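Residues per chain, in single letters:
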Amino acid sequence: MEFLQFFISGLSLGSIYAIIALGYTMVYGIAKMLNFAHGDVIMVGGYLVFTVSTSMGLPVWIGMTAAVVGCTALGVLIERFAYRPLRGATSLAVLITAIGVSYLLQNLALLIFGAAPKSFTSVVSVPALTLAGGALTITGESLVTIAACIVIMIVLTLFVNKTKPGRAMHAVSEDRGAAQLMGVNVNGTIALTFAIGSALAAIAGALLCSAYPTLTPYTGAMPGIKAFVAAVFGGIGSIPGAMIGGILLGLIESLSKAYISSEMADAIVFLVLIIVLVVKPTGIFGKKISEKV
Amino acid sequence: MALLEVKDLEVHYGVIKAIKGISFEVNQGEVIALIGANGAGKTTTLHTVTGLIQPSHGQIIFDGKDITKIPAHKIVGMGMAHVPEGRRIFQQLTVLENLKLGAYTRKDKNLISATLKMVYERFPRLEERKNQVAGTLSGGEQQMLAMGRALMSNPRIILMDEPSMGLSPLLVSEIFDIIKVISEGGTTVLLVEQNAQKALSIADRAYVLETGNISLSGKASDLINDESVRKAYLGA
Chain A
1 MEFLQFFISG LSLGSIYAII ALGYTMVYGI AKMLNFAHGD VIMVGGYLVF TVSTSMGLPV
61 WIGMTAAVVG CTALGVLIER FAYRPLRGAT SLAVLITAIG VSYLLQNLAL LIFGAAPKSF
121 TSVVSVPALT LAGGALTITG ESLVTIAACI VIMIVLTLFV NKTKPGRAMH AVSEDRGAAQ
181 LMGVNVNGTI ALTFAIGSAL AAIAGALLCS AYPTLTPYTG AMPGIKAFVA AVFGGIGSIP
241 GAMIGGILLG LIESLSKAYI SSEMADAIVF LVLIIVLVVK PTGIFGKKIS EKV
Chain B
1 MALLEVKDLE VHYGVIKAIK GISFEVNQGE VIALIGANGA GKTTTLHTVT GLIQPSHGQI
61 IFDGKDITKI PAHKIVGMGM AHVPEGRRIF QQLTVLENLK LGAYTRKDKN LISATLKMVY
121 ERFPRLEERK NQVAGTLSGG EQQMLAMGRA LMSNPRIILM DEPSMGLSPL LVSEIFDIIK
181 VISEGGTTVL LVEQNAQKAL SIADRAYVLE TGNISLSGKA SDLINDESVR KAYLGA
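Protein sequences appear in the order of chains A and B. In this text, residue positions in the first sequence follow the working numbering: the first is 1, and each later residue adds one. In this text, residue positions in the second sequence follow the working numbering: the first is 1, and each later residue adds one.
Check the hints yourself; a few may be wrong.
[As the list claims (entries may be wrong)] Over 10 angstroms on every C-beta distance to chain A, these chain B residues come out as not near it, computed from the model:
hint: 1; residue: S56
hint: 2; residue: I67
hint: 3; residue: Q91
hint: 4; residue: N110
hint: 5; residue: P124
hint: 6; residue: I182
hint: 7; residue: S201
hint: 8; residue: G218
hint: 9; residue: L234
[Unchecked claim] Derived coverage of chain B by chain A (criterion: at least 3 residues anywhere in the stretch with Cβ under 8 angstroms from a Cβ of chain A; other residues may be distant):
hint: 10; region: 72 to 78
hint: 11; region: 102 to 108
These aren't lab readings, by the way, just hints derived from the structure by calculation. Predicted model only: the values in this text are computed from it and were never measured. The C-beta atom is built at its ideal place from N, Cα and C for all residues, glycine as well.
Modelling step: build the complete structure from the supplied sequences, incorporating the hints.
Written as structure tokens, this is what we have:
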């Protein structure tokens, strides 16, 4: 029963990583860049919910809407003003810019909200589920997080595979020039990808802060890096890969904390990543490219 | 009035002048061949016409409108399709998904299905393989898909870049037969080819491109007998 408890908390943590990893993987797949500021968009989402719902006392749904709308706009602005001017530049220039944007967001939050941790009020009002006569408790946050993760996965998969903008994303991801020849607006498609990724980051931010209710300007940094690891783990560029990678990462972290050592948990997570990459460099769901010349 | 008119076009790659002020025109219903050796600037010319590359000087006029500054993704919807060099089909998507992307700028579902039917009639192989991932098609099938995908936009003019590249002689003949059929169906064709013999055999007129300049132009039937063309491009 104890194992099940750790397993479910790992599943819940992994679901948050998965939602963040989706943003990383979609942006990488379509814009071919690593948006290292993605983790900090999570933090901005957290502060938006905090400001609207905790400080101003407005209902949670207004706080959530503000976070999703605010982060979506933020993602599009970052893409427009930081990354688009670098289209065609070396990937190193883009990477350094992304790190710069990350520090910019962290320091803006520091300037506005200060360094002291804010205590976040959970956005989840679902009661905890007690099973097996009290031996197993699943928090409301866990239930909502896992459910959100499943819904997001289904909606995103349908969107990417069944809709016209989704097909445009595939096209841009594979061959930007050919996509343009089909009439696909490449800049618009990349902006849409950032918008979706950032909206997901806002949701992840609210869920993360609900489960771990302290909020600082650095709240997004570590989950951001772990979600990046999850995306690489699952095969960067792959949507199911990000999902599976995130969940596996959460499970490994939670079970390591429980059974091996809580100090070593992060080290174990990265060790597993190294092993996976040595054995299968493209990650679990890494794209097999079948090309005929 | 010409359907497509290119005036004094110059293109630079950095400081290197790749196209040195060329002019040509394509009339409604014609098949025009642009022939020349490797590196003459044929592909660059097509890329500039469809907006993938910005020219440093000159004008491109399509159907009376100046499209020189219009971005590539808006040109398709105006009725100009481009079958790029090396096919550049979307390898990881299915044949049908590739074809649907060809109709990306069109809205009317009924018209799109009518075009799809027409494409399948012209390329029965594509219908047989519609749910197959495009990357697994043979070279000839990929060329057919690239052409079918371009036709899906219902273009008035279709630009084809080296459609015979890498194909067996038998397939090359098949591809050229299809180009003839496309032209007979009323679509204007601007064809870039290294296989000058084949290109001149189906073209109405042709331009010979030599290191960024048009060195010769005229009726295809005259050029095919021209001594200098025969020496340089027909291996005779």
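Structure-based check of all given hints:
1. S56: At roughly 17 angstroms from the nearest Cβ of chain A, S56 (chain B) sits farther out than 10 angstroms, so the non-interface label holds.
2. I67: The assertion about I67 (chain B) holds, with a minimum of 14 angstroms to chain A.
3. Q91: violated (6 angstroms)
4. N110: Answer for N110 (chain B): holds, closest chain A Cβ roughly 16 angstroms.
5. P124: Holds: least Cβ distance 20 angstroms, greater than 10 angstroms.
6. I182: holds (17 angstroms)
7. S201: Check passes; 27 angstroms lies beyond 10 angstroms.
8. G218: holds (30 angstroms)
9. L234: Answer for L234 (chain B): holds, closest chain A Cβ roughly 28 angstroms.
10. 72 to 78: holds (count 5)
11. 102 to 108: Holds, because 3 residues of the region 102 to 108 of chain B bring their Cβ atoms closer than 8 angstroms to Cβ atoms of chain A.
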